[in-house]
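Read off the chains here:
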Amino acid sequence: MKKPFITILASFLLPISLLASSEDFFRSIGKIYSVVAVVVVLFLAIIIYLVRMDNKLTKLEKQIKNES
Amino acid sequence: MFERFGTITSVGVTILNTMKNGWWKILGAVIFTGVLIVGLTTPLRPGIVESSPRVAETGQSVDVKIKAYNSFFADALGLKAWLKISDDHVISAAAIDVISNRDIIATFDIPNTFSSKKAKEKSTLILNSEVDGNIILPNALVIRSQDGGTSQNQWTPFDIDKLHKVDNFRFPYRSTLNETIRNTFFHVAIWFAMFILLIISLIYSIRFLISKDHTLDIKASAFTSVAIVFGLIGIATGSVWAKFTWGAYWTSDVKLNMSAIAILIYLAYWILRTSIKDIDSRARLSAVYNIFAFAMLIPLIFIIPRLTDSLHPGNGGNPALGGEDLDNTLRMIFYPSIIALTLIGIWISNITYRLEIVKEKVMGLY
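Read top to bottom, the protein sequences are chains Y and L.
So the first sequence is numbered by the working numbering: it starts at 200 and just counts up by one.
So the second sequence is numbered by the working numbering: it starts at 743 and just counts up by one.
Some hints could be false.
Using 20 Å as the maximum straight-line C-alpha spacing, the simulated EDC-like pairs for lysine to aspartate or glutamate come out as follows [stated by the list, open to error]:
#1 L:K907 with Y:E266
#2 Y:K261 with L:E1098
#3 L:K862 with L:D901
#4 L:K907 with L:D805
#5 Y:K264 with L:E792
#6 L:K904 with L:E799
#7 Y:K255 with L:D830
#8 L:K859 with L:E799
#9 L:K822 with L:E921
#10 Y:K258 with L:E1102
#11 L:K1103 with Y:E260
#12 L:K862 with Y:D253
#13 L:K826 with L:D805
#14 Y:K230 with L:E921
#15 L:K907 with L:D1051
#16 L:K985 with L:D1051
#17 L:K907 with L:E799
#18 Y:K264 with L:E1102
#19 Y:K255 with L:D845
#20 L:K822 with L:D845
#21 L:K985 with L:E921
#22 L:K904 with Y:E260
#23 L:K860 with Y:E266
#24 L:K860 with L:D830
#25 Y:K258 with L:D901
#26 L:K826 with L:D903
#27 L:K822 with L:D955
#28 L:K809 with L:D901
#29 L:K864 with L:D817
#30 L:K864 with L:D909
#31 L:K762 with Y:E266
#32 L:K1019 with L:D1069
#33 L:K762 with Y:E260
#34 Y:K261 with L:E1102
#35 L:K954 with Y:E266
These are computed hints drawn from the structure, not numbers from a lab.
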């Protein structure tokens, strides 16, 4: 299960590393990176919330199965 | 201190558990994180913001001031400029004065006559260098025909071999869209994801009518409710995008009004479900209504907007997902985004469905 994740991650990181060499007008100010960081943190927080809710539900489902 | 480590590891363990039994959930999250990073940081290709003057006359020598975006004129080797009326009618700049990376003044000696005998011709401005590749501004300069020019210059066929090509991973520059072209990955993708969720919901509704299995009805309703939320997000994001490109939060564009009607039809599905107490008739009625609503969605979103004028690409004669509106670099982020948002939508639907089942079982137990 680990290998596909690594390849997916690598395929996303590759273009970034290629682009990091040139500094154009858009990225020369550098503030877009902070925006991206904020959005990624926000999105990951929602995902972690979803993951925990998913797991709590699984526990409840198991509990109900045992009781009935 | 140790408590904090405890919560971090518990989050780690829960994520690992989710990966084991629902790897596609984490896959959606990973892909969308990648879409956010690459979609927001990849720069645009260079483009011309404005050029002046916009009108010139035949036989005149004209200094065209060009302001560009994301360009490297000062560092560029072999910077050239052309004015093009057609493939056989091109002149190259007599001189180019580089002021900065983003500003140049190109001097053109416009020939005395057109061979077409027209009163005026629209010309396209083409810049090319080793660093930037092609930079094109269509309809940059309108040339009026005028008698008695003194130019020695002649129109020549365009020599495409002279052009430098640059294959960078960059998004296309489109006037008025500019940096907002990135919204394609979020606004357009969420509509696609909504549509896929509605198809899944439709399949569950049809399967319910065939098998009368109660859980299939709950699944259909879970997918529809998440799809409605996605649709509302689609309308809200489109409204913001419209403000900055078309100039208003809501325009009389057909696609906007028709998608609003489609969302209202699905909101009625929600109201229908909550207003019926009897579980069996609720399931049957909402399944039938869901099929009807989907049958309405197709003409509302895909057919009517294509028949009339619309500002959306793919409607009213505008090219659909093709050309510069969705080139290959955009596709590389746009399609993964659809997949990621669909997976996340299925995940939320899955949680909604299971919550509903747990609720029903608890109600039955006590």
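To see whether the hints hold, each was checked on the structure:
no., hint, in the structure
1, L:K907 with Y:E266, "69 Å, violated"
2, Y:K261 with L:E1098, "15 Å, holds"
3, L:K862 with L:D901, "24 Å, violated"
4, L:K907 with L:D805, "26 Å, violated"
5, Y:K264 with L:E792, "68 Å, violated"
6, L:K904 with L:E799, "27 Å, violated"
7, Y:K255 with L:D830, "70 Å, violated"
8, L:K859 with L:E799, "14 Å, holds"
9, L:K822 with L:E921, "26 Å, violated"
10, Y:K258 with L:E1102, "16 Å, holds"
11, L:K1103 with Y:E260, "9 Å, holds"
12, L:K862 with Y:D253, "67 Å, violated"
13, L:K826 with L:D805, "16 Å, holds"
14, Y:K230 with L:E921, "14 Å, holds"
15, L:K907 with L:D1051, "36 Å, violated"
16, L:K985 with L:D1051, "19 Å, holds"
17, L:K907 with L:E799, "32 Å, violated"
18, Y:K264 with L:E1102, "13 Å, holds"
19, Y:K255 with L:D845, "59 Å, violated"
20, L:K822 with L:D845, "14 Å, holds"
21, L:K985 with L:E921, "14 Å, holds"
22, L:K904 with Y:E260, "68 Å, violated"
23, L:K860 with Y:E266, "88 Å, violated"
24, L:K860 with L:D830, "16 Å, holds"
25, Y:K258 with L:D901, "70 Å, violated"
26, L:K826 with L:D903, "15 Å, holds"
27, L:K822 with L:D955, "70 Å, violated"
28, L:K809 with L:D901, "25 Å, violated"
29, L:K864 with L:D817, "30 Å, violated"
30, L:K864 with L:D909, "29 Å, violated"
31, L:K762 with Y:E266, "25 Å, violated"
32, L:K1019 with L:D1069, "51 Å, violated"
33, L:K762 with Y:E260, "17 Å, holds"
34, Y:K261 with L:E1102, "15 Å, holds"
35, L:K954 with Y:E266, "27 Å, violated"
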